[in-house]
Amino acid sequence: MLRSMLQIERTKLYGRKTLWIELALVAVITVLLFGLILLVQSLEEVPKAEREMIASLLTLPDGVKVSLALSSNQMLGGLLMIVLVSMVVAQEYTWQSYTLPVRAGIPRLTIVLSKFLMLLIPALLLAFTALGIGLIMSALVTLTVEGQIDVSQINIVDLLLSTLITAYSLLPYMALTFMIAVLTRSLAASLSVVAGYVFLVEGLVPPLLSLFGGTVAQIALLMPGQLANALLSATGQMNNMQIGTDAAPVALDGVDPAAAVIGIAAYTVIFLAVAALRFQKQDLTA
Amino acid sequence: MTSVLETQHLRKAFGDVLAVADVSLRVERGEVFGFLGPNGAGKTTTIGMILGLIHPTAGEIRLFGEPVTPQRTTPLRRVGSLFGAQATLIPYLSAYDHLKMTAQLYGGGSAKRITNLLDQVGLTTAAHRKTGQFSTGMKQRLGLAMALLHAPELLILDEPTNGMDPEGMREVRNLIRSLANRGTTVFLSSHLLHEIEQVADRVAILNRGQILAQDRVQTLLAGSSVVRLRVPNMDLAVASLRLLPGVKTVERNGTHLEVTGLPSATIAAHLIQDGIIPSEITTTQNDLEQVFLQVTHEAV
Numbered sequence: 425m426l427r428s429m430l431q432i433e434r435t436k437l438y439g440r441k442t443l444w445i446e447l448a449l450v451a452v453i454t455v456l457l458f459g460l461i462l463l464v465q466s467l468e469e470v471p472k473a474e475r476e477m478i479a480s481l482l483t484l485p486d487g488v489k490v491s492l493a494l495s496s497n498q499m500l501g502g503l504l505m506i507v508l509v510s511m512v513v514a515q516e517y518t519w520q521s522y523t524l525p526v527r528a529g530i531p532r533l534t535i536v537l538s539k540f541l542m543l544l545i546p547a548l549l550l551a552f553t554a555l556g557i558g559l560i561m562s563a564l565v566t567l568t569v570e571g572q573i574d575v576s577q578i579n580i581v582d583l584l585l586s587t588l589i590t591a592y593s594l595l596p597y598m599a600l601t602f603m604i605a606v607l608t609r610s611l612a613a614s615l616s617v618v619a620g621y622v623f624l625v626e627g628l629v630p631p632l633l634s635l636f637g638g639t640v641a642q643i644a645l646l647m648p649g650q651l652a653n654a655l656l657s658a659t660g661q662m663n664n665m666q667i668g669t670d671a672a673p674v675a676l677d678g679v680d681p682a683a684a685v686i687g688i689a690a691y692t693v694i695f696l697a698v699a700a701l702r703f704q705k706q707d708l709t710a
Numbered sequence: 008m009t010s011v012l013e014t015q016h017l018r019k020a021f022g023d024v025l026a027v028a029d030v031s032l033r034v035e036r037g038e039v040f041g042f043l044g045p046n047g048a049g050k051t052t053t054i055g056m057i058l059g060l061i062h063p064t065a066g067e068i069r070l071f072g073e074p075v076t077p078q079r080t081t082p083l084r085r086v087g088s089l090f091g092a093q094a095t096l097i098p099y100l101s102a103y104d105h106l107k108m109t110a111q112l113y114g115g116g117s118a119k120r121i122t123n124l125l126d127q128v129g130l131t132t133a134a135h136r137k138t139g140q141f142s143t144g145m146k147q148r149l150g151l152a153m154a155l156l157h158a159p160e161l162l163i164l165d166e167p168t169n170g171m172d173p174e175g176m177r178e179v180r181n182l183i184r185s186l187a188n189r190g191t192t193v194f195l196s197s198h199l200l201h202e203i204e205q206v207a208d209r210v211a212i213l214n215r216g217q218i219l220a221q222d223r224v225q226t227l228l229a230g231s232s233v234v235r236l237r238v239p240n241m242d243l244a245v246a247s248l249r250l251l252p253g254v255k256t257v258e259r260n261g262t263h264l265e266v267t268g269l270p271s272a273t274i275a276a277h278l279i280q281d282g283i284i285p286s287e288i289t290t291t292q293n294d295l296e297q298v299f300l301q302v303t304h305e306a307v
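Going down the list, the protein sequences come from chains A and B.
Using the numbering used here, the letters of the first sequence correspond one by one to residues 425 to 710.
Using the numbering used here, the letters of the second sequence correspond one by one to residues 8 to 307.
Hint data in this document are derived by calculation from the structure and do not stem from the laboratory.
Worth double-checking, as some hints may not be accurate.
With a cut-off of at most 27 Å between alpha-carbon atoms, the simulated DSS-like pairs for lysine-lysine come out as follows [what the hints assert, rightly or not]:
(1) Lys107(B) - Lys119(B)
(2) Lys436(A) - Lys255(B)
(3) Lys107(B) - Lys137(B)
(4) Lys436(A) - Lys137(B)
(5) Lys107(B) - Lys441(A)
(6) Lys119(B) - Lys137(B)
(7) Lys107(B) - Lys436(A)
(8) Lys472(A) - Lys705(A)
(9) Lys137(B) - Lys441(A)
So that you can see chain B by itself, here it is in the shape it has in the complex (with noise of 0.2 Å):
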């Protein structure tokens, strides 16, 4: 099956500063695709490229199996977006105005659909107010509101929630899960780990413009946790652990063993296996935000 988006290698310089190293990422239909990485990782670049608005240096973008650049961007009518850190808008002109204009770009939108789209925002008595006295959460939900006014296939938000009060940031959770439920597919970009750990079905960590990882967010979870162990024999605990296939470390702490990479399952039924009964199993479940810590500085 075609992926929704992805990306072969890209690559972007800018003079001698490389903002995008290597990325490789590939999105499939009704997930939601997060996008980790600290300022300055190159994930606005990344998504810049992806959306036709910089030329890639090298490598290759493709949206629903076509391929995307800068002068060929016929694809992109099916993606909706909101990108930068604030949403793009013209300051002397209305939320209503900017809602009809984006459904003249796309080809469609009714006044109904703006309407209801503005109070699913919040935006209603705004509507006719100029966005240029907005606030940047209330650029942020116009932003959401073009993006998603042509039910697009996919979604692409960078930092949606930037300049939201938590109830709208919630707000904004609960969109993302419920447009992914009907078949909408979301790229999820930002640097807030717990927003993306509560939405998001997998995720790519980017830093220095490459790609650190990239997998399931459970999958992450567990193979970051540490299981700790007491085992009757050390020794040959850790020489039969360190022969198992994704074994990230074992170390010693104690009367205990501690081991990362796989859940625990698999370890006790590994050692167990080998004939070493554990007598002790617990587990410390890390967050996205240690995974993302820990997968950041293995990389330095």
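Just chain A, same shape as in the assembly (with noise of 0.2 Å):
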């Protein structure tokens, strides 16, 4: 049962124009970040230790991270799997189409499931898409400021960890949005909801706790996107996108990379396990 309604569930998101237009965008806005950093290197009023540091930023093998940096929980990334979750969960109640899979006696736990399961594959498609895009503009980059590609100097096991953590990355804020689109059945809600959380609670919160030092703002550090981002810093590309900025001064090296992700799979677990049991008790003809 569970194999045939994955079938289903890829059909349904494979269907979808947002899935698609969301991997367009990224790679649209992946390309018109390197050409932004591109244009400010090449200006003569930047000093010329800071070009240097942005083309090392852009070249290979740094400037995959930057790209893959973009597709993370807390930029581009996060908020397009918002959108896509919110839709794909919220929709379908709109529709009444959660009648078909039950009134077919297939069970609810299962319809969740596998509706969760098939949504990993966009967050995978996020991040290698901006691997690849990643790739072709730093070695275009590349090409350019130093004139030759130099093969040793990338590292493909670790470009594709840092790929699969950017999409594991991802679990903790698709997991809240699966949840709280089953409990308000609305894509407005679950939109608004989330996007609030993420970027008012999580972006406000830990900078906030980080005064009072010590056991709160450690604290901060076990929200789920503060997790991501520890997960994200042990890979370098939370430090890439923070060179130059005035980032907030949490510790992101706070967290064990491996309690991070333990931290990342506990909350998408208990978020799954609180939407599935709501839907097990939901009236799907409302």
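Please dock the two separately framed chains into a single complex, following the hints provided.
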């Protein structure tokens, strides 16, 4: 039954224009970002040392990590997944299409599980699109700046691991969106609640708590977004994006990467469990 | 023999609102069972509970003898259904996609069967169009095809002709009858009494969440027809008929007696047995609409 449901969810997911628009958006914005940084780098007003630093940021292999960072949880990737998950989960309440598998005797838990498992594909597609475009763009920049590409500098395993971590970092927000969409049964509500949480709560609470220092500041590090950030910082993605910015002084390396992996998994399982429990009890005809 | 569908004292309350008060039904194999009721009577809520979409507040549902709850829906794999005011469809997928998905849901349904069903419901030319562009009638036709794809033993249809033109409605009626003739049990919910009268073997009349009547169509029609009699001694005839089980009303109307509740032959036989020979007997045959109005009026 799970296999059949996964096939059905795949048909529904691939049929959505939103998925392909989002992937195109990641590609276009990555290209634009590289173009913009190159433009800044070429300005004569920028000191030589900074120009060299920017150039190193965009060339292989670090250039790919800039692209991956753009697709991570608290950047474009997080936002796009919140939109996609909200649509995938909430719209089916509007269409009453959850009734189709239920009427066919498919257990409700299988429906929830298959839907979330299939949503892992867009997360991976998003990260691998960022990897592909990042590779192309930084290869072009490397050729322009250095005149050649030193393939030995590219660590494929490291890049693949960074890509998978980028996708993994999206999980807690995906599961949170999934849960809110099930609880509210509304696209607008789930979009606004989760976007509000990500940009207001996750954006403001950690810097505020860090002012208190000690245990209080450590609590902030346990929030879903901060755990994902800690994991990304272990791969150097967050550090790349924060060069030259006034990033919040939260100790991203305050959480061990292994603990961050477990924490993200725990949040994902908890949010999904709440969604599954609620879905079990819902009246699907309303 | 086990009933195909059986509900026992089914009840559903949404907060303070009692949508279904007490519904006990029994649908036997191979019959077309009509489920009648005005809008808001609780038909869709009852079907929602049968299909595992709504949690009953109380009561029991059995399909093919097995209990069905929202947590235990396995018997529904033997059921095909068309549910809601319009067929449930995903607007950006085509008719063909929907049938392919349905085949995956039930674990069967070849490409040939899908093509045949599209042809049967008249959607061959629209097979690859997005269903968001479909009219209500086209959606219902596709919903019917989806319900029939896995050749179910029980077909539950909620207002199947909604949005269809007269030709489409006639085709659906013929389809229901032919399915029943081939052994498929059909549970047909509708507020179109004429439609039910033409295809159903038995009906249940639901109003305000309660079953008011449940019987064979012919029995209900006979029970509500008015038998007009001219008898030599009206007082004696009235006294005699009031003692006859099954008689609902006996009223004087000028030179005639008007009796409801039993067929004319039964009434005449009873009077003759009591030595009263009617000189004239006529029957005014009601249709299901009049039966329905009479039953719901009596309940009020």
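Here is what the structure says about each hint:
Annotation: proposed proximity of Lys107(B) to Lys119(B) holds, straight-line Cα distance about 11 Å (limit 27 Å). For the proposed pair Lys436(A) and Lys255(B), the alpha carbon gap of about 57 Å is over 27 Å, so the pair is violated. Between Lys107(B) and Lys137(B), the direct Cα distance comes to roughly 14 Å. Compliance with the 27 Å bound is thereby established for this hinted pair. Restraint check for Lys436(A) and Lys137(B): the C-alpha separation of about 13 Å stays at or below 27 Å, so the hint holds.
Using a Cα cut-off of 27 Å, the hinted pair Lys107(B) and Lys441(A) holds, with the two alpha carbons roughly 20 Å apart. Restraint check for Lys119(B) and Lys137(B): satisfied, since their Cα atoms lie roughly 21 Å apart, inside the 27 Å limit. Under the criterion of a C-alpha separation no larger than 27 Å, the hint pairing Lys107(B) with Lys436(A) is consistent with the structure, at around 12 Å. Our distance criterion of 27 Å between C-alpha atoms is broken by Lys472(A) and Lys705(A), whose separation comes to about 63 Å.
The straight-line distance between the Cα atoms of Lys137(B) and Lys441(A) is roughly 13 Å, inside the 27 Å bound, and the hint therefore holds.
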